[in-house]
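Chemist: Sequence:
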Amino acid sequence: MSRFHVGGKVVDKVDLLRKKHAAWRLDVWPFAMLYLLWLTMVVPSIDFVDAAIVLGGLAVTHILVLLFTTWSVDFKCFVQYSKVNNIRLADVCKVTPAKFCGSKEVVPLHIRKQASFSYLYIASSSSVKDVEEIYFDFRKQCFIYSEEEDTFCKLPYPTKETFGYYLKCSGHGSDAKVLAATEKWGRNVFEYPQPTFQKLMKEHCMEPFFVFQVFCVGLWCLDEYWYYSLFTLFMLFMFESTMAKSRLKTLSELRRVRVDSQTLMVHRCGKWVKLSGTDLLPGDVVSMGRSSGQNEEDKSVPADMLILAGSAIVNEAILTGESTPQWKVSIAGRGIEEKLSAKRDKNHMLFGGTKILQHTADKSFPLRTPDGGCLAVVLRTGFETSQGKLMRTILFSTERVTANSWESGLFILFLVVFAIIAAGYVLKKGLEDPTRSKYKLFLSCSLIITSVIPPELPMELSIAVNTSLIALARRGIFCTEPFRIPFAGKVDICCFDKTGTLTSDDMEFFGVVGLNDSSELESDMTKVPSRTVEILASCHALVFVDNKLVGDPLEKAALKGIDWSYKSDEKAIPKKGSGNPVQIVQRHHFASHLKRMAVVVRVQEDFFSFVKGAPETIQDRLIDLPPTYVETYKKYTRQGSRVLALAYKSLPDMTVSEARSMERDTVECGLTFAGFAVFNCPIRADSSTVLSELKNSSHDLVMITGDQALTACHVAGQVNIVSKPALILVAVKNSKGYEWVSPDETERIPYRLCFSGYYQLYFLTYNFLVCCTHQLFILLANLTDQRVLPDISENEVEALSETHDLCIGGDCFEMLQQTSAVLRVIPFVKVFARVAPEQKELIMTTFKTVGRLTLMCGDGTNDVGALKQAHVGVALLNAVPPTKSESSSGTSKDENTKSLKSKKSKPTVEATGNSEASSKGKVVPRSESSNNATSNRHLNAAEKHRQKLKKMMDELNEEGDGRSAPIVKLGDASMASPFTAKHASVAPTTDIIRQGRSTLVTTLQMFKILGLNCLATAYVLSVMYLDGVKLGDVQATISGVFTAAFFLFISHARPLPTLSAARPHPNIFCSYVFLSLMGQFAMHLLFLISSVKEAEKHMPEECIEPESEFHPNLVNTVSYMVSMMLQVATFAVNYMGHPFNQSIPENKPFLYALGAAAGFFVVITSDLFRDLNDWLSLVPLPVGLRDKLLLWALLMFLCCYAWERLLRWAFPGKIPAWRKRQRVAAASSEKKLV
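For the sequence shown, the UniProt record's numbering assigns the number 1 to the initial residue and increments by one for each residue that follows.
Calculated directly from the structure, the hints in this document are not laboratory data.
Just to be clear, a hint being listed does not mean it is correct.
[Unchecked claim] Here are the computed lysine-lysine pairs in the DSBU-like style, where the Cα-Cα straight-line distance is at most 30 Å:
(1) K168 with K76
(2) K83 with K94
(3) K389 with K13
(4) K104 with K724
(5) K20 with K346
(6) K94 with K168
(7) K168 with K20
(8) K440 with K1093
(9) K440 with K140
(10) K560 with K440
(11) K160 with K76
(12) K635 with K649
(13) K649 with K695
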């Protein structure tokens, strides 16, 4: 088998290859034969000039083949390698990465003897068996050949074992096992390449376009355009050297990030030893705690670890951007047969690069740490840690970035067709004249073909993307995947998390409700039962760090609202009154898939279990459900409040040790209801404004939240996501059916499935369908009638979405998947409530499947999967929000330099919520709560930080020169998302979309301008060349200077502050671009031909030889003047200003450049400065010709301008037609299931 389909996130497939002997390579022996043939047969038979031309052609072909082996991995494999079916015969392999994970590479295969042992049961292994491993390294990851699966798999790490397995591990048991583990996984270090400037410059100079550019320069030199050639060559080398220097600086910055070389206590060979963090291996059992360096800075965790005993408070801002600390607990109490899930069990894991702020040891665990640290087992090291993965992303994003690369190739092929026609015409005419030099003829044909491939194209595309990257960085938005910038301009649906994204960080405790039959809120805590108050005081995850209380702001708000205090010994005490202190004995932390948390407490000598969580979750665990339970919590969720159900149960005859060993299910069952805690989370001041702008700019809006459906619908209505009557899909009571219900329950519409038969349509409930689908008559019906399919009525949900905004909860997802209705329903839903992180990911993949271009905005903790699945994922960091002027692009340089770039925040006293169900913010008394107050607090904070931010802005301005992408540092990026915004606001989404649209339209106008210039050049070099028309060297140089200046200024056009309802054209190949190009080219051609013909009337009857040296004449003068005017008109007409970018009057540099070029045209046409015209080799124009030229130039410009504006009106950008694709995708999915 020569090909292995890996199908992973990094590598797609692997081909086995063997290197050919040098003599049998296709870039050696065929050319050796051709050179021999030339020497023995061609040289004796033809004259020297023709033989030299043949040799030159052979040499160029040979050089191209050698260069293609550098440019194309597939071509290199074809020429230098042969495929093999046996892995033992292969010495290299061709790795094809997954989409957007880099380019193909040929990497060597390695074979090593590797010890085979159990990852963590090392102490109990009696022997180590050597096995042979075949592997390769690709982008800092190791892939090993698996004989069982007959494919390559990632190097396995011990991350998916059972909790019982981890609890029994005791580290590596012998030196032999340590050595084997070191050979398998390597040292715990980040090893980066350190190329020199010369090496990087060589790499850049070997790029296809650069070689082509140098080749074009050589052709121009052969045609005696020395000034123009040297100017172009100088410009190319300056650009490439700048890019190489920028990459070198980026790689140098990355090399500074390394694993902290702190000394740790590691349990090896049955004893505790001191080791450096760089010597850690997967399977090591270590003692982890807070440690500081010489400058009192906290040391970071050196690897990914699982806590076996103890607990820790950790700052994960370096990875997730979440500046608030996280509480990490041991796996004690988890089922020994449960398997570890890195996504679900994050609260048990310490991630590499994060910093421990506080730790607590567990002295009851059998294996005690000698220094009082947490006991943890190492899971991943090096580049496989969470920090390592982020470093890989940043490291390999430093490659050259462009926009629309595949479209560039197709566009060039489109232009080459015209070039080949023009070159064929010249060749045909030239061969008809036996006196014409074949050398000059072939040179002319080469120049024609190369002229339509713009040498500056890659430079301009790089500038287009880098300009957007720098503009975003100046607003505190950082991008690790630059290829996604153009996607931002194509986005048609924007999805938002609610908690902490659309809502502010402020949380308000309103009171308790549901204590009796009345649904009135009780805010006086003295009238609330003591047990309810005790639950609010103790059922939380608050903790002290450096004598400051940190934790979920919702829990801090509750603690403040009941007027209790919490001490560092985990005891809650009332500040006044006669309440009893509550001592926390055991915690079961919040789990997103359970939607609840619990504690075991001691009040005096009695033990209780206190539980809080989502009302619908707690409902099933109550022994006595109040009759008004559902009605009460729905009343407040409809108002947008956060409602948590409180419950408890007594634990008689209990000891402390028994309480600590209780399983979670035992703690959380048989509960007594203790009321609902009601909180309010105000909407951010700018959320409604930003979402209105997105909605008005042709974007669909969606909310995806873990909150309750009624709360979600209320908030969605306030931020303009929901504008029509809402319907929520819920399960019918006492039935397996479902129905659409309005929030106030006044409207109910059955959720129906249907069978379509020969004669009639039967509507069935979901319950009836489930009962019938296994019956034989339905199976027979499917065999005989393809129309009989159990499914949702095809147009039901789509039609319903036209009159209502739909909402579904996470509990409906399983039903949708079982009935293959995911693609029928999800694309039309506006609000997703009570969804788990995995379901968020499913929502994004569904949107992508039906052809939507998605943007997801959320935090870097709960939304990781969805952020990575979206075309444009934006992770928001808890930082200072932008002011109004800073959240949008200014039109002046001052506004850009004053844009807010938030500093990497240190741990604050407000810890992250345990899930979306626990909102983030700070305690605000109800009497003081208002959105204006919230906004003022944010603005005051922004003012306090402004001086610090200014210094960082100055540093960024030094790094961003407009020609290279800004350096993304580790503190700026998030492992959760390609875009990281250092703002506690959704305003950055508009900045990203505006820059994406700007990049799209800038790229589009560049292609149009380059296309028109190249088509005109092809005509000049072909038809006019045969007539003896040439341009002088100085003339060509001046034109090149103007072209470079124009491109530079249009690429720096800033987007408008407000998003437009109009959308940019997403692709180059559309009716608008084609008609625009052809129409303008026709007008340019007419102007060019008419002007030259008119000039010929004033020329004496003389024959001008095409091969003769350039000498000034009237036709050459008119041709140059016309080409100058065409250049000005092309840039002015095709500049895409409003409604996306600055208009020409607003883009001052471009306006001045256009004015200078137009003025230059008028000056040389009017012959105002004779010395200037003489320097440019221009002859005086007859008065009549001069007037006609100026008049025709004006008419040409007006006609092109009118044609362009007509096409922009007739062919506006549109939202992609996704509904048809949705129906096709849904039908295709259903066919697979039938």
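Chemist: Take a quick look at whether K440 and K140 sit within 30 Å of each other, Cα to Cα.
Modeler: Not satisfied, since the Cα-Cα distance of roughly 51 Å exceeds 30 Å.
Chemist: When you check the alpha-carbon spacing of K20 and K346, does it fall within 30 Å?
Modeler: Roughly 49 Å separates the two Cα atoms, so the pair is violated.
Chemist: Given the hint that K389 pairs with K13, test it: the Cα-Cα distance must not exceed 30 Å.
Modeler: Cα-Cα ~21 Å, so holds.
Chemist: Take the C-alpha atoms of K83 and K94, compute the straight-line distance between them, and say whether it is at most 30 Å.
Modeler: The given pair, whose Cα atoms are some 10 Å apart, holds under the 30 Å limit.
Chemist: Hey, K104 versus K724, does the alpha-carbon distance stay inside 30 Å?
Modeler: 49 Å, violated
Chemist: Hey, K94 versus K168, does the alpha-carbon distance stay inside 30 Å?
Modeler: Not OK: K94 and K168 at ~41 Å, beyond 30 Å, violated.
Chemist: K560 and K440 were given as a pair; does the straight-line alpha-carbon distance stay at or below 30 Å?
Modeler: 89 Å, violated
Chemist: Are the Cα atoms of K635 and K649 separated by 30 Å or less?
Modeler: Holds - the C-alpha atoms of K649 and K635 are around 26 Å apart, at most 30 Å.
Chemist: Going straight from one Cα to the other, do K440 and K1093 come out at no more than 30 Å?
Modeler: Holds, at about 25 Å.
Chemist: Against the 30 Å threshold, does the CA-CA distance of K160 and K76 hold or violate the hint?
Modeler: Roughly 39 Å between the alpha carbons, so the hint for K160 and K76 is violated.
Chemist: Tell me if the straight-line CA distance from K649 to K695 falls inside 30 Å.
Modeler: 49 Å, violated
Chemist: Between K168 and K76, is the straight-line Cα distance small enough, at 30 Å or below?
Modeler: 51 Å, violated
This entry does not satisfy hints 1, 4, 5, 6, 7, 9, 10, 11 and 13, going by the numbered hints stated previously.
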